[in-house]
Amino acid sequence: MVTDTELKTLIEKIVLEMAGESKASEEHTPKSEQTDSTNHAVSEEVLPDISEVLIKKELLVPDPSDEEGYLDMKDKTPARLGVWRSGARYMTSSALRFKADHAAAQDAVFSYVSEDFVKENNLFPVATVCQDKDEYVTRPDLGRQFSDEEKEKIKTHCGNPKVQIVVGDGLSSASIEANLENTLPAIKQGLKLHGIDVTNDLFIKHCRVPAMDVIGELTGADVVCLLVGERPGLVTAESMSAYIAYKPTVDMPEARRTVISNIHEGGTPPVEAGAHIAELIKKMIDKKASGLDLNKI
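The opening position of the sequence shown corresponds to residue 14 in the numbering used here, with each subsequent residue numbered one higher.
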């Protein structure tokens, strides 16, 4: 019978031998094949970003009877077609892509537009009464209200413009940083062709769409255009929309807004959207209407 002392000595001897063999093995093993302290393979290679794989071009169905037709169908929709399965489960690549897209959507909601980005685009920063992202998500009503101090800052900065452009982070900061730099100049260029100069653009932190109504009352602008990040989904986390209204007022019917949605690389291109928004703004000024009222004229 082995005593506790003998067993302890034996274990120590085995551990020391294993450590010696492991060190010698590492010295003769290529760096790219070594393991770390948690016994995971260490590699100098960088794995590709799975979120950059074009789903429309990816066909995982083995031996489809009409591969060309399948790919043509996938090209017409962002839906996850042709992902196949492993038993009753998704394939690993499909499951990982789902998780990656879900993570991107969460990041878009809970991250902030960088202060440097706001400065570089000459946006004047203000904020609603929300204190943080948690309050912004759970209290939509606070995302449309401003403190008295912020209202004074808005009135002082904006004055009484004919057209007031507002940028709001909304539910996707990623959409603002991805699309604004192409959309905003296109809007201004289009309006300039109609003799309308737009300056004193605002940026609203923790912004909900009806915040534009407060801006309308504070500035007396004929038209307020809000470029705002939309709720992200699994297709894209970078979709931006433009909400435009003629003389918006607090608690006005939603039917008075005109909306241009899905502004992103895979939807309406930002430059094209900007040109269209400029034409709409000019039409609203001429017709003195927006939303459903504009459609009736």
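Simulated from the structure, these hints should not be mistaken for laboratory data. One should not assume that every hint holds.
In the PhoX-like style, the derived pairs of lysine-lysine whose C-alpha atoms are separated by at most 20 angstroms in a straight line are [said to hold, decoys possible]:
#1 Lys87 x Lys70
#2 Lys89 x Lys175
#3 Lys296 x Lys260
#4 Lys201 x Lys296
#5 Lys300 x Lys175
#6 Lys89 x Lys69
#7 Lys146 x Lys168
#8 Lys175 x Lys70
#9 Lys260 x Lys295
#10 Lys175 x Lys87
#11 Lys205 x Lys175
#12 Lys132 x Lys201
#13 Lys205 x Lys218
#14 Lys260 x Lys164
#15 Lys166 x Lys132
#16 Lys132 x Lys260
#17 Lys69 x Lys132
#18 Lys168 x Lys309
#19 Lys164 x Lys218
#20 Lys175 x Lys164
#21 Lys205 x Lys296
#22 Lys201 x Lys295
#23 Lys201 x Lys175
#24 Lys175 x Lys301
#25 Lys70 x Lys205
#26 Lys132 x Lys89
These numbers come from a predicted model, not from an experiment.
Hint check results:
Annotation: proposed proximity of Lys87 to Lys70 holds, straight-line Cα distance about 7 angstroms (limit 20 angstroms). This hinted pair does not check out: Lys89 and Lys175 have alpha carbons roughly 41 angstroms apart, beyond 20 angstroms. With a C-alpha separation of about 13 angstroms, the suggested pairing of Lys296 with Lys260 holds against the 20 angstroms cut-off. Under the criterion of a C-alpha separation no larger than 20 angstroms, the hint pairing Lys201 with Lys296 is consistent with the structure, at around 15 angstroms.
Simply put, Lys300 and Lys175 have alpha-carbon atoms about 14 angstroms apart, close enough for the 20 angstroms limit, and the pair holds. Distance check on the hinted pair: Lys89 and Lys69 sit about 8 angstroms apart at the alpha-carbon level, within 20 angstroms; holds. Of the pairs offered as hints, the one joining Lys146 and Lys168 is violated, with about 26 angstroms between alpha carbons and a cut-off of 20 angstroms exceeded. About 46 angstroms separates the Cα atoms of Lys175 and Lys70, which puts this hinted pair outside 20 angstroms; it is violated.
At roughly 13 angstroms between alpha-carbon atoms, Lys260 and Lys295 fall within 20 angstroms of each other, so this suggested pair holds. About 45 angstroms separates the Cα atoms of Lys175 and Lys87, which puts this hinted pair outside 20 angstroms; it is violated. Between Lys205 and Lys175 the CA atoms are separated by roughly 12 angstroms; this keeps the pair inside 20 angstroms, and the hint holds. With a CA separation close to 18 angstroms, the supplied pair Lys132 and Lys201 stays within the 20 angstroms bound.
Of the supplied pair hints, the one linking Lys205 and Lys218 is violated, its CA atoms being roughly 27 angstroms apart against a limit of 20 angstroms. This hinted pair checks out: Lys260 and Lys164 have alpha carbons roughly 17 angstroms apart, not beyond 20 angstroms. Only pairs whose Cα atoms come within 20 angstroms are accepted, and Lys166 paired with Lys132 is accepted, the gap being roughly 17 angstroms. With a CA separation close to 28 angstroms, the supplied pair Lys132 and Lys260 exceeds the 20 angstroms bound.
About 36 angstroms separates the Cα atoms of Lys69 and Lys132, which puts this hinted pair outside 20 angstroms; it is violated. A hinted pair counts as satisfied when its Cα atoms are at most 20 angstroms apart, and Lys168 with Lys309 does not qualify at roughly 33 angstroms. Under the criterion of a C-alpha separation no larger than 20 angstroms, the hint pairing Lys164 with Lys218 is consistent with the structure, at around 14 angstroms. Of the supplied pair hints, the one linking Lys175 and Lys164 holds, its CA atoms being roughly 18 angstroms apart against a limit of 20 angstroms.
With a CA separation close to 14 angstroms, the supplied pair Lys205 and Lys296 stays within the 20 angstroms bound. Between the alpha carbons of Lys201 and Lys295 the distance comes to roughly 12 angstroms, so the proposed pair stays at or under 20 angstroms and holds. Using a Cα cut-off of 20 angstroms, the hinted pair Lys201 and Lys175 holds, with the two alpha carbons roughly 13 angstroms apart. For the proposed pair Lys175 and Lys301, the alpha carbon gap of about 12 angstroms is at most 20 angstroms, so the pair holds.
For a cut-off of 20 angstroms, the pair hint linking Lys70 to Lys205 is broken: about 40 angstroms separates their Cα positions. Restraint check: the Cα-Cα separation between Lys132 and Lys89 comes to about 38 angstroms, which exceeds 20 angstroms; the hinted pair is violated.
Checked against the numbered hints given earlier, this structure breaks hints 2, 7, 8, 10, 13, 16, 17, 18, 25, 26; the rest are met.
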